[in-house]
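**Student:** Residue-level listing of the chains:
Protein chains: 4
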Amino acid sequence: MARVGIYGATGYTGYELIKLLVRHPQVEISFATARSAAGKRLSDIFPTLIDTPLVAVEEANLQDVDLIFTCLPHNTPDLIPLVQQALEAGKRVIDFSDTFRLHDADDYERRRGKPHPAPELLSAAVYGLPELHRTAIREARLVANTGCYPLTAILPLWPLVQADLFADRTVIVDSKSGVSGAGRSLSLKTHFGETHETFSAYNVGRVHRHLGEMEQETGLHIIFSPHLLPVYRGILSTIYVTLKPGTSSEMVHEAYNVFRDEPFITVLPTGHFPELRHVQQTMDFVLGFQPVEIEAGRMIIVSALDNLLKGASGQAVQCMNLMLGFEETAGLK
Amino acid sequence: MARVGIYGATGYTGYELIKLLVRHPQVEISFATARSAAGKRLSDIFPTLIDTPLVAVEEANLQDVDLIFTCLPHNTPDLIPLVQQALEAGKRVIDFSDTFRLHDADDYERRRGKPHPAPELLSAAVYGLPELHRTAIREARLVANTGCYPLTAILPLWPLVQADLFADRTVIVDSKSGVSGAGRSLSLKTHFGETHETFSAYNVGRVHRHLGEMEQETGLHIIFSPHLLPVYRGILSTIYVTLKPGTSSEMVHEAYNVFRDEPFITVLPTGHFPELRHVQQTMDFVLGFQPVEIEAGRMIIVSALDNLLKGASGQAVQCMNLMLGFEETAGLK
Amino acid sequence: MARVGIYGATGYTGYELIKLLVRHPQVEISFATARSAAGKRLSDIFPTLIDTPLVAVEEANLQDVDLIFTCLPHNTPDLIPLVQQALEAGKRVIDFSDTFRLHDADDYERRRGKPHPAPELLSAAVYGLPELHRTAIREARLVANTGCYPLTAILPLWPLVQADLFADRTVIVDSKSGVSGAGRSLSLKTHFGETHETFSAYNVGRVHRHLGEMEQETGLHIIFSPHLLPVYRGILSTIYVTLKPGTSSEMVHEAYNVFRDEPFITVLPTGHFPELRHVQQTMDFVLGFQPVEIEAGRMIIVSALDNLLKGASGQAVQCMNLMLGFEETAGLK
Amino acid sequence: MARVGIYGATGYTGYELIKLLVRHPQVEISFATARSAAGKRLSDIFPTLIDTPLVAVEEANLQDVDLIFTCLPHNTPDLIPLVQQALEAGKRVIDFSDTFRLHDADDYERRRGKPHPAPELLSAAVYGLPELHRTAIREARLVANTGCYPLTAILPLWPLVQADLFADRTVIVDSKSGVSGAGRSLSLKTHFGETHETFSAYNVGRVHRHLGEMEQETGLHIIFSPHLLPVYRGILSTIYVTLKPGTSSEMVHEAYNVFRDEPFITVLPTGHFPELRHVQQTMDFVLGFQPVEIEAGRMIIVSALDNLLKGASGQAVQCMNLMLGFEETAGLK
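Residue numbers (the UniProt record's numbering), protein chains in the order written: chain E, 1 to 333; chain W, 1 to 333; chain A, 1 to 333; chain V, 1 to 333.
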């Protein structure tokens with residue numbers, strides 16, 4: 001049994017992670033930290049019968065574990081020292097924030113408007129997307145778990161880039177996310193009365209903080225419009241691409257053939273599309289596509305995932321399985 | 001045109017009140033106060049095109065108005081001085097809190113566990129339920145706008161008390177409320193992820209703070225279980241009563257005949273029940289009942305209202321109309 | 001008082017229409033027809049206290065009325081004879097179906113794959129969009145009430161066409177609609193269990209039956225992806241356009257200036273977007289836009305309306321007001 | 001590996017059953033029948049990647065299986081012959097309808113107003129509630145899977161009956177169910193537009209068809225009010241009992257001690273209540289209680305389950321495990 005620790009167990013991703021790990025046949029949770037909830041149990045905080053104890057960060061003993069998951073809020077100042085300390089102690093780290101996802105410190109600075117807080121860690125980190133970086137993840141000391149929105153664009157677009165099918169490298173990604181994507185922190189944006197029975201766009205165009213990952217992994221120029229859905233789990237993205245004139249449905253299926261042995265990716269027959277219900281509460285990433293005007297190369301792709309599983313905690317377990325030499329799907333089926 | 005002022009415009013009741021008042025033919029809003037939003041407009045805060053300016057409390061001029069509405073959070077220390085000051089200045093007051101709803105300071109102290117902060121105001125206040133206290137409201141200087149839950153019990157029960165139909169004066173009120181009843185303040189209880197697609201009971205039995213109003217107005221002994229519904233507006237209460245053996249459907253309809261000229265109350269035919277959709281976004285209070293076992297006197301009543309209109313801001317306007325000598329339904333149809 | 005008749009009162013658009021007409025100061029409802037519900041009252045079918053009687057078509061007397069609304073299901077064979085009969089009797093007609101929206105019978109045949117059933121009526125009909133065809137509507141005998149999706153594209157795009165701002169005449173319209181857009185007929189698509197807590201795309205690309213209206217009114221080439229939201233009312237469309245290089249925010253606002261006196265259209269400041277809550281239960285059409293890359297002419301527009309009011313029944317009343325010489329906003333504010 | 005057959009795979013309970021059985025380590029599905037969907041696969045009908053083939057009833061071979069599940073709509077005339085044929089062929093049967101739940105044919109006739117169609121089967125059937133009838137289920141040829149509403153009353157009340165704690169044997173059960181309880185058949189009652197964002201009571205009092213089971217298993221007299229919640233899964237019941245004066249919290253916990261080794265039942269500490277989120281997508285039955293007025297014996301109990309798992313398909317698998325000699329929790333954790 002491997003031993004793991006979780007920093008930040010009371011957000012939605014921490015909670016989902018614990019639910020996966022308690023069922024995992026080869027792992028045991030050594031500690032799970034919380035701030036205001038330290039001293040309580042998981043079942044005091046969430047609607048679950050799992051009663052994992054929550055401890056203060058000071059009580060978590062790094063020496064007890066082989067690997068840690070850091071599920072702290074974006075921009076927590078504690079993150080960098082914690083990661084450094086863990087790596088120095090020879091522990092492996094899977095981080096859920098967007099701190100280590102870009103490879104290039106200059107790119108980070110240009111996009112965020114401030115220098116990266118620990119460029120030496122940045123260059124060591126591996127982007128935690130097994131379908132693209134499986135070999136590197138196996139060996140990685142520090143894995144940057146991917147963003148949930150970016151996955152819905154990267155996985156459908158990367159095979160088409162590999163197959164050199166693009167005529168226009170500008171791509172429109174119109175994404176719709178459930179509310180759990182905004183986390184469990186209190187804000188009017190996630191207040192029932194401001195979210196239920198409505199729908200809205202936000203941060204449209206070129207400004208969302210996760211645009212960088214999408215462009216890094218695909219090499220494309222992306223126009224990205226996120227929207228907030230009145231559902232709890234799941235992201236569905238509708239993607240508009242202009243491929244080379246005459247690109248057929250068969251050519252696209254052939255490009256997606258690179259995913260044929262992937263345990264968590266399903267490509268639907270032409271003209272079929274996933275809906276959120278297909279993927280909620282699962283690790284499945286499902287995509288479908290429809291050529292719209294073949295001579296003009298116009299195609300629409302629809303992709304969907306559960307943002308808390310394949311889009312966050314489940315994918316982190318997939319990475320952990322690779323890092324610790326387990327079956328890649330262990331605890332995830 | 002009468003002139004009114006609103007203290008506390010950025011909660012849900014304040015917002016609904018402004019929406020009603022801007023359409024009211026005989027009233028104009030002289031000021032609407034806010035704390036953190038002072039200096040902004042209503043349309044900056046809510047999804048509305050109404051652009052009423054929001055001012056700090058210090059900028060609100062009591063001399064400008066005939067009547068004020070105080071829509072401040074429960075237990076705000078500013079409330080008592082504000083009400084005193086307004087009454088001394090000869091202004092009339094409709095208060096939305098539960099501070100002035102009980103007539104008896106001893107009853108207040110027994111139920112709340114602390115003395116009433118201004119007993120002299122308590123005895124002057126009128127309980128703002130026009131169907132029971134229309135005459136007193138017309139003359140009142142200070143009206144205590146009713147609670148939303150209590151109305152769903154008082155209106156169906158009071159006529160049966162008047163008609164002396166009860167065999168057992170203990171009544172079970174099982175209430176289900178939309179989330180807007182919990183207000184716009186941030187709390188996990190109103191976070192989308194904790195409310196959506198779930199349902200729960202809270203404060204069951206004899207502990208809810210609005211039990212006192214129900215018992216004061218009906219003289220009954222009430223077991224009250226509130227529940228939180230994943231809808232935005234509306235309360236539906238299912239009420240279990242034991243009437244005198246042999247009480248017939250006709251006798252109950254006769255008791256409800258006291259409401260026959262009420263503009264906002266509808267009693268459905270026997271065996272028909274309201275649902276939330278009947279009353280959402282309206283001033284209608286709708287009730288239906290079903291004798292279950294006539295020999296045993298068992299009857300079930302279902303009542304429904306929109307908690308923000310007949311249960312709060314609309315009823316406040318109804319009281320204002322009485323106080324200012326307008327048509328009782330002005331601005332409410 | 002003008003007298004009107006409604007054919008098809010038990011669908012969602014018929015119901016909304018009656019709710020508007022009973023409050024309209026210059027109109028009275030002479031009859032409202034239903035099929036299986038004939039003999040009942042509106043309050044037997046819908047959660048309303050409005051008790052308009054529902055009669056069989058045979059009992060509706062065309063001679064009693066000045067104008068009829070036909071709110072029948074798409075493709076009802078009864079529609080054409082009914083419209084012909086009404087026009088011959090000198091009555092004016094507002095039709096809710098998509099039968100009379102295209103001007104050109106050839107265009108209709110090409111898009112639908114079958115000849116138009118009454119081309120002579122087609123050429124007489126006026127497309128019922130007051131903001132574009134106000135003068136023609138005033139005189140029209142037959143008005144084709146617009147589709148709800150098309151409006152969300154036509155109103156934001158037409159001013160930019162007028163101002164000759166397009167560099168690329170292909171436009172992407174990604175629309176998200178509440179479930180009421182699918183009507184009240186029973187289908188798995190509108191079953192709670194298949195719609196709630198999910199989200200899906202359908203008929204993407206070039207296949208939706210309302211594409212023709214959008215292209216006719218704007219002269220643009222449109223890629224259209226409708227999606228089904230788990231909300232009841234409202235449509236929000238996110239629109240991706242490529243304007244001439246260097247088109248500034250000011251130039252776009254100037255183009256939208258054509259709407260400055262429109263009672264039901266609001267253009268938000270640059271970078272602000274409507275959400276569904278702004279428009280639900282109202283006649284307001286709200287749009288906002290954001291230049292994304294000015295040199296490349298890329299812009300994103302977001303528009304929103306209530307599909308049952310500005311998108312259907314409210315707009316029909318707006319047309320009726322024009323046709324009968326009333327104030328355009330009568331009964332709609 | 002045991003082999004099982006499913007009759008009626010395209011309702012919600014059939015679908016949930018297949019999802020459980022495909023993961024069950026000791027069972028394989030020999031056939032799953034459908035009517036209009038025969039010839040398709042499960043993944044054509046539901047949002048799942050499970051592609052179990054659906055066959056017509058005529059193609060299902062009873063000889064292939066050890067046990068069948070009959071998940072047919074209530075009152076299907078085919079049910080009785082099918083069950084008879086299976087029992088004669090020596091197969092065991094778990095039936096999901098309410099046909100075999102009452103032991104007494106006279107009681108059935110009195111409650112339903114018509115004679116039981118196969119009284120000889122009725123007397124052979126075992127009520128499929130393992131917590132009360134574990135031994136009988138192991139040996140049963142025909143198990144009547146329980147109703148979902150009844151469970152929420154029987155499990156909390158039966159231990160209190162055993163402990164002889166009741167002062168008044170009339171009990172009020174106020175239940176709130178998600179929409180999936182109404183099944184997948186099309187009706188206005190389950191249309192999104194008639195269910196979403198509303199709440200209603202139906203069949204209140206003494207008329208619901210599942211009252212008989214509750215009274216048979218508890219021996220109490222029950223007043224039952226079901227309500228329809230705008231959620232998909234789960235039932236929460238609020239139960240009002242009058243126990244013997246002075247019944248303490250400890251005495252109640254002692255009565256519930258009979259459940260201490262039950263794998264799927266959790267009794268919360270006094271004053272804590274389940275909410276739907278605790279039980280959705282799980283086999284857990286959770287209950288909590290609160291003494292309200294101890295001298296008067298008044299107590300409120302809240303119970304919750306997932307109507308499709310512990311309330312239907314999961315419980316059927318629990319029964320199957322007992323019947324086939326497997327670990328009771330196999331495939332259910």
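Treat the hints with caution; some may be incorrect.
Pairs count within a copy or across copies, as identical chains cannot be separated in the list.
[What the hints assert, rightly or not] Below, simulated BS3-like cross-link-like pairs (lysine-lysine); rule was C-alpha separation at most 25 Å, straight line:
1. K244 - K91
2. K91 - K189
3. K189 - K40
4. K333 - K114
5. K19 - K40
6. K333 - K19
7. K114 - K40
8. K40 - K244
9. K244 - K114
10. K244 - K19
11. K91 - K19
12. K189 - K244
13. K189 - K333
14. K19 - K114
15. K114 - K91
16. K244 - K333
Hint data in this document are derived by calculation from the structure and do not stem from the laboratory.
All values reported here derive from a predicted model rather than from experimental measurement.
**Student:** All the hints need checking, so say for each whether the structure fits it.
**Tutor:** How the hints compare with the structure:
Taking the shortest alpha-carbon separations for K244 and K91, neither the intra-copy value of 47 Å nor the inter-copy value of 55 Å comes in at or below 25 Å. For the identical chains of this complex, K91 and K189 are neighbours neither inside a copy (37 Å) nor across copies (38 Å), given an alpha-carbon limit of 25 Å. Proximity of K189 and K40 under a CA criterion of 25 Å is satisfied inter-copy only: 19 Å between copies versus 28 Å inside one chain copy. Neither within a single protomer nor between protomers do K333 and K114 lie at most 25 Å apart by alpha-carbon distance, with minima of 41 Å and 48 Å respectively.
For the identical chains of this complex, K19 and K40 are intra-copy neighbours only, at 17 Å inside a copy versus 35 Å across copies, given an alpha-carbon limit of 25 Å. In the homo-oligomer, the alpha carbons of K333 and K19 lie at most 25 Å apart both inside one protomer (13 Å) and across protomers (13 Å), since each shortest distance falls under that limit. Taking the shortest alpha-carbon separations for K114 and K40, neither the intra-copy value of 38 Å nor the inter-copy value of 31 Å comes in at or below 25 Å. In the homo-oligomer, the alpha carbons of K40 and K244 never lie at most 25 Å apart, since the shortest distance is 58 Å inside one protomer and 36 Å across protomers.
In this homomeric assembly, K244 and K114 never come within 25 Å of each other (Cα to Cα): the closest approach is 38 Å inside a single copy and 33 Å across copies. With identical chains, the CA atoms of K244 and K19 are never at most 25 Å apart, being 45 Å at best within one copy and 42 Å at best between copies. Taking the shortest Cα distances, K91 and K19 sit within 25 Å of each other inside one copy (22 Å), while across copies they are farther apart (39 Å). With identical chains, the CA atoms of K189 and K244 are never at most 25 Å apart, being 41 Å at best within one copy and 35 Å at best between copies.
In the homo-oligomer, the alpha carbons of K189 and K333 never lie at most 25 Å apart, since the shortest distance is 33 Å inside one protomer and 29 Å across protomers. For the identical chains of this complex, K19 and K114 are neighbours neither inside a copy (36 Å) nor across copies (44 Å), given an alpha-carbon limit of 25 Å. In this assembly of identical chains, K114 and K91 lie within 25 Å of each other by CA distance neither inside one copy nor across copies; the values are 29 Å within and 56 Å between. For a Cα distance limit of 25 Å, the shortest separation of K244 from K333 qualifies neither inside one copy, at 38 Å, nor across copies, at 50 Å.
Figure legend: structure checked against the earlier numbered hints; hints not met, in rising order: 1, 2, 4, 7, 8, 9, 10, 12, 13, 14, 15, 16.
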